[in-house]
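In the order they appear, the protein sequences are chains A and B.
For the first sequence, position 189 (counting from the first letter as 1) is numbered 189 according to this note's numbering, and the numbering increases by one without interruption.
For the second sequence, position 57 (counting from the first letter as 1) is numbered 57 according to this note's numbering, and the numbering increases by one without interruption.
Just so you know, the hints here were simulated from the structure itself, not pulled from any lab data.
Watch out, some of these pointers could steer you wrong.
[As the list claims (entries may be wrong)] Lysine-lysine pairs mimicking DSSO-like chemistry, simulated, CA-CA at most 27 angstroms apart: (1) K58(B) <-> K250(A); (2) K5(B) <-> K15(A); (3) K24(A) <-> K5(B); (4) K37(B) <-> K227(A); (5) K58(B) <-> K24(A); (6) K24(A) <-> K37(B); (7) K63(A) <-> K161(A); (8) K250(A) <-> K8(B); (9) K5(B) <-> K58(B); (10) K10(B) <-> K24(A); (11) K58(B) <-> K143(A); (12) K37(B) <-> K250(A).
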Amino acid sequence: MFKKNWIHYFIPQEKNNHRATLLKPFFLLFFLVLYLLSQSIIKSLTIANPGILGYSSEITAQKVLDQTNNERIKLGLEPLTYNSVLSESAKEKAEDMFVNNYWAHNSPQGKTPWTFFNTVGYKYSTAGENLAKDFYDTDSLVKAWMNSPTHKENIINNKYKEIGIAVVNGTLGDIKTTLVVQHFGTPLIATAQEIISQKSDDIAVPATVDVLAESDEKLISPLTLSKIFSSIIFIALMVVLFIDGFTTIKNNIHRLTGSTVGHISFLFFIFLIMLFNQQGSIF
Amino acid sequence: MIIPKEIKQKPVEYIILLLIFIFGFFLYIFINNSQAKILILSGVVLSYLVWSLYHHQKRGDLHTSIIIEYLLIILFGLVFLLFDPFAIF
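Just chain B, with the same shape it has in the complex:
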C-alpha cells in the first residue's frame, strides 16, 4: 500500500484531520436539527482551515498562495453543499 510521504512524516497531524472529518460526519448524520447541522459543518470547515495553517506553519511553507488554495477548496465544497438539491440549507 502506498502511503504518501507527507503522511509518513507527520502521521499525528493526518490522524487528527481524519478524526475531525469522521467525528464531524457522524455528528452530522445523527443530529436531526438543521441549525445544529450547519454549526457542525462550520466547525469542520473551520477546523480544516486551522489544521492547514498549523500543518504548513510546521512545514515552514505557509504562503499566501497556499492559503488561497485551501480557501478555494473549502469554498468549492461549501458551494456544492449550498446548491446541492439534497442539501439542508
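For reference, chain A alone in the conformation it holds in the complex:
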C-alpha cells in the first residue's frame, strides 16, 4: 500500500501518464525553488549570524609551502626558504584586508604590498605577492595559482629566494572566509637580516590565526553546506531521470515528453563544468 503511494514519483506508469511524477514541470519547479531557498537560507545565516556557520578550510601554511616548493622542484628550480619575517608581513596583509574589508593587492587606504614588507623590516631586492580566498584545500589553491600566468610567475620565479605564508581566518564582506597570502622576496643583504631561514621540512610554520573569529570552535563552512545541498538535489534529479529512462526503455513506452537522454546529457555537462570550476578566488 505504502509502496504504491510513492512509487509513481519515481517510476513511469499509467497512473502518472508514463512519466515519473518528480520529472513533471510542477516538481521540477519545486526542486528549483527548494534549491534556491536552501541557498538563500545558508547565505542569510552566514551574514546575519556568523557564529552559526564558519569555515573549515584544510589549508595550512606548511602545506602551501610544501606544494609551492614541489611546483618549483618539478621545474628544476631551487625550493624557497621559509622566512618568518615574510610570514609576518603576509599575516599583516591578511589582517589588514579583514580589518579594512577589502580584497585586493592595494588597500583603499593606499597601502601596497610593499608597505607590509617595509613595516616588518624586510629589505628586499625583489618581492612579490599572491592572494587567495575561499578555498577548501591546498591542492585546489596551488592548482588555481599555477593555472594563472601571473601567480605562476611568482611561484616559479627564480629571482625569489624566500617565502612567507599566512593562512588567516576572519570575516570579509560579512562572510567568514580563509585568506591565504604568499609573500615572496630576495633579501637585499641576506646576512644583515635577522631571519630564521630553515629548510622546508623542519620549519615551524605559524598556526592559522583568527582575526575576527569569536571562538576557536570548528564550524561547518557555508560553502561546504551549500555544496552538500547542491549535491543532494542534483543527484536526486539525476537518479529519477535514470530510473525514468530505464523503465521507459524496458517497457518500450512512447510518450509525449522531453528527451530523457537529452536531459541527462545536459545535466551531466553541467556537472562536469561544476567539477572543473576552480574553488575560491585568487588575486
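We have chain A; now place chain B onto it with these hints.
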C-alpha cells in the same frame, strides 16, 4: 548494451547533441577568460534549446508542455552553476 529506442531512431541527432556538449566542455575548460566561459555556456544552452525544438518538430510532438520541460531543465542547470560555490560568475 541497452540503447534507447529514440537514439536508434535518430542517431545523427544524438551524435550532434553529444558533440555540442563535448565541444562546449573542452572549450570551456581550455579557455581562461571568465567572459568567454559565460559565452560558451550560453552557446551550449542555446544549442540545446534549438536541438530540442528541432528534435521534437521532426518527431511531430512539439508541444508547449515539452518546451516548458526543456526550459525548466535548462534553468535548473543554470541555477546550479550560478549558485555553485565553485562557479565562475
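Going through the numbered hints above, which ones does this structure break? Give me the numbers in ascending order. 6, 11 and 12
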